[in-house]
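Each chain sits in its own coordinate frame; assemble them with the hints.
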Amino acid sequence: MPAHNTLSVQNLAKSYGNLRAVAGISFDVRRNEIVGLLGPNGAGKTTAINMILGILEPDEGAIRIEGLDLNSRRSQAIAQTNFAAVYAPLPGNLTVFQNLRIFGMLYGVTDLSARIEDLLTQFDLKTFRDKKCGVLSSGEQTRVGLAKAMLNRPQLLLLDEPTTSLDPATARDIRVKIRELATRETGGVLWTSHNMYEVEEVCDRVLFLSHGRILLEGDPKTLPAEHGKKTLEELFITVAREPLTLEGR
Amino acid sequence: MASLRRVLAVVLRQYYLLRGSLSRTVPLFAWVAVDMILWGFLTRYLNTVTASSALNFVPVLLGAVLLWDFFIRIMQGVTMAFFEDVWSRNFLNIFATPLLIPEYVGGLVVSSMITSIAGVIAMLLIAVLWFKLSILAYGIMMVPFLLSLFLFGIALGIFGCALVLRFGPASEWFIWPIPALISPFAGVLYPVSTLPHWMQGIARILPPSYIFEGLRTIVSGGAVQWSLLIWSICLAAGYILLAYGCFVRVYKHALRTGLIARYSAENLS
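Residue numbers (this note's numbering), protein chains in the order written: chain A, 1 to 249; chain B, 1 to 269.
One chain only, chain B, in its complex shape (with noise of 0.2 angstroms):
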């Protein structure tokens, strides 16, 4: 019970921040309802142009994207509710609490997924009632795809938080590009097939490459392999133990270093 106590103090914190300020809202929605009508013409176009195609791009192209983009939402909703800790100089504070590390990251987690969800619904909203994206198209498999892309968003987060406790407020610009970098190798837009073999091996060791893939299986027709879907929620899985053993590692460092101290008391006698 105290534990859950925590783990709400945490999330508490975040719905706190978001409520008092419409710079830390907005971008909740605007970014990805951008993305969607962006995309969206986009696809409504290609459909114009290969009119003769048997290929609708709204569930290939939209429906990735919209993927994609909650992928990239859960990763920065982790990261940005511990850069509030970072931007507030705040963890000697809360790190001299009785908060536990995993209580700590449960509510980074928690703090995510509430504010992702926001984001969902603008991006679904724009799709299926402006461009027609039938969500229905990918059925039960739209579980796996989000929960496959959930853990993996989640791995990526807290690896991000890690890295910035680690080497200090000024990396997190290192922090925003990651899922630029993953996404060439994920196949978000084309098959992996398309990549040399070098990044197809890649692929292979990221999530969200089975995914795709299994995306425009469905679309085209195709029957997606289970065995490739569980494969996928399992690797996600494995990041995030991967993620949060190498948090509690910089954590014990900073410990043992007085990092924590030294993030918010820069005048210590």
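Excised from the complex, chain A in its bound form (with noise of 0.2 angstroms):
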């Protein structure tokens, strides 16, 4: 693997029974680097993060986080990482500082009280620290998550539509916060996202997922003119409706 690299997958797959829900795809997410990961309901995009996390077991194929096998080192790889989810929030019975004191352990945060502090701060959490996070709305929970993926200062951020609850303003300065991390630190993002224009704002190349394999890959400034689109969503509705069109090119 070049030593660029923070994630390198490949010949991934996975099937349920006669459903290959991820057929065989391979990519890499460089360091500085934020990688849009984008297709329907159904293309696979959530099976493989799950597979990139750990919590799901490839049929097939191997993933290397820093250059790591996941599958031999475990442990160090998934220490290498950490993410974000709109359908994994944090336990609603404990606080934001609880919250993040047990993670920052879990993922082995050095110096972590003075690391929970200034995540506080820099998601605007001061105000709910000693708050349960059950009893916060959405878009708060939302930050106290991703204030939870930037614990350990990930060499790979996996985020799965990380903004889809957050108010346009906020979504705004999360996207600023993450493509900081991406440009300012050494790690590298895989993003999932429904809104397009988020991703052609923040993402430096994106994947097409459709019925699991990868039908497009490239700029996503430039992708939709490359297969004669307008823009990004309508490139998006293509792949969701008529894939086969796509095939090939």
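Hints may contain errors.
Said to hold, decoys possible - Facing chain B, from chain A, some residues (calculated, C-beta under 8 angstroms): (1) Leu-53; (2) Gly-54; (3) Ala-88; (4) Ile-102; (5) Ser-165; (6) Leu-166; (7) Phe-236.
As the list claims (entries may be wrong) - According to the in silico footprint, chain A covers these stretches of chain B (three or more CB under 8 angstroms from chain A): (8) 7-16; (9) 62-72; (10) 252-263.
Unchecked claim - Sample of chain A residues with no beta-carbon within 10 angstroms of chain B, all distances over it, derived: (11) Thr-46; (12) Asp-69; (13) Thr-121; (14) Arg-153.
Calculated from the structure, these hints are not laboratory results. All values reported here derive from a predicted model rather than from experimental measurement. Beta carbons are placed, not taken as given, at the ideal position from N, Cα and C, and that holds for glycine.
Structure below.
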């Protein structure tokens, strides 16, 4: 694997019975790069992310995070990652601080107290420090989830629709923060979203998934024109409805 | 060191939950205290109606109930710590961290030890101060008694967690009655010889049956066979290995089928 890749996925495949959810995909995420994983519902995005997170075993293929094989060195490889997903809120019966402390310990964060205070400031969560996560609004919970995702300064950050429940202003702030993370620190980001405006603004490269396969790959700013479409959203709709028209291009 | 830190994180989570919740702390004391009071008065009553008998029911029955409640506390301490992750739909978050399965299970066991101590203190206070149960009557035998029941409680707790991980949150209702299902065979309140032969056969593979037989032997002035107590401890340790193997197998199955992700994410694309 080239030294500059933070994530390397090779021939990854997963089936549920007769359904081929992910059909042998290969891709990389380089350092300081934000890669958008796009596709309609059922395309295999979350299945792929779950395999990279180590909570779903692939049928075939290999995943390397910072050069560490996920299958044979799971704990060390996972320590290089973190994630935020709208469907995985932190336990609502613990406070923001307690959740960050516990997950900080699980990820082996050094100088944890200072790191937590820093993240509470960064994500505007100081006033919610001792509030139980369950009583926070969905936007506030999303920010807590993102603070947790940044705890260990991950080399690979996995974000599954991270701004879905945020208002436009907060969503913009979050995008800026993640963009900063990708440029200032050494990490790479794998990002799924259905907001094509957001993808175009944030991602350096996008991968379009359809029926478990990577159909298209390229720069989100130039890819639509390369396939005769005006916008990324138009291209997305074509991938969702008429994937066969794009195959082989 | 990193491994110990992750075990402590699981324990700390349980501490935070207990500290902030009366509905979690009260049951640690309440049910065992009620049991001690109920059986304490029953043994007093039995001692008065059988005054001519040399048998003292306090160490036989109240002592047995105390040990049995200790076993239940240990088992439920493990399952309760696990259920916190089930109830808060936290599997995806927690299993996507560097936490390893032995560390997770280790954290559940340590959490159980801490919560069980609270229950044991409450039981001892009531049994010793109120009903004059003399723990010294059991002598050094108390150590193997507690060790065997502790190990068997851990084993059943881990097995219970494996069942819930495999069959989903609703299956927790299979877990609560497990001690009640075992108790008739374990001879908690009566000698195993009272049971029909087929039930005695089952009793022989249950570590607690040796403990309660030993307890009655001591109270009646007999000598307990150390070999049987050691066998009981070995049997309980063997059950821990089996239960842990079962948990790992279920976890691997959950990884293959995507069960862990679905436990908390029902809106996967």
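Verification of the hints:
About 4 angstroms separates the beta-carbon of Leu-53 of chain A from the nearest beta-carbon of chain B, less than 8 angstroms, and the hint is met. Given the 8 angstroms rule on beta carbons, the hint for Gly-54 of chain A holds: about 6 angstroms separates it from the nearest Cβ of chain B. With its C-beta approaching chain B no nearer than about 5 angstroms, Ala-88 of chain A sits inside the 8 angstroms limit, and its interface hint holds. Hint status for Ile-102 of chain A relative to chain B: holds, with the closest Cβ pair at about 5 angstroms, below 8 angstroms.
A hinted interface residue such as Ser-165 of chain A counts as satisfied when its beta carbon comes closer than 8 angstroms to some beta carbon of chain B; here the least separation is about 13 angstroms, so the hint is violated. A distance limit of 8 angstroms between C-beta atoms decides the matter here; for Leu-166 of chain A the minimum to chain B is near 17 angstroms, and the interface restraint is violated. For Phe-236 of chain A, the interface hint is violated, the least distance from its beta-carbon to any beta-carbon of chain B being 13 angstroms, above 8 angstroms. Coverage of the segment 7-16 of chain B by chain A holds [criterion: at least 3 residues with CB-CB distance below 8 angstroms; count 5].
Coverage of the segment 62-72 of chain B by chain A is violated [criterion: at least 3 residues with CB-CB distance below 8 angstroms; count 0]. Evaluation of the coverage hint for the segment 252-263 of chain B: fulfilled, as 7 residues show C-beta separations to chain A shorter than 8 angstroms, against a requirement of three. For Thr-46 of chain A, the shortest C-beta to C-beta distance to chain B comes to about 4 angstroms, within the 10 angstroms cut-off, and the non-interface label is violated. With a cut of 10 angstroms on Cβ distances, Asp-69 of chain A stays outside the contact zone with chain B, its closest approach being about 15 angstroms.
With a least CB separation of 22 angstroms from chain B, Thr-121 of chain A remains clear of the 10 angstroms interface cut-off, as annotated. Distance check on Arg-153 of chain A: its Cβ is at least 14 angstroms (rounded) from any Cβ of chain B, clearing the 10 angstroms threshold; non-interface status holds.
Going down the numbered hints, you'll see the structure goes against 5, 6, 7, 9, 11, while the others check out.
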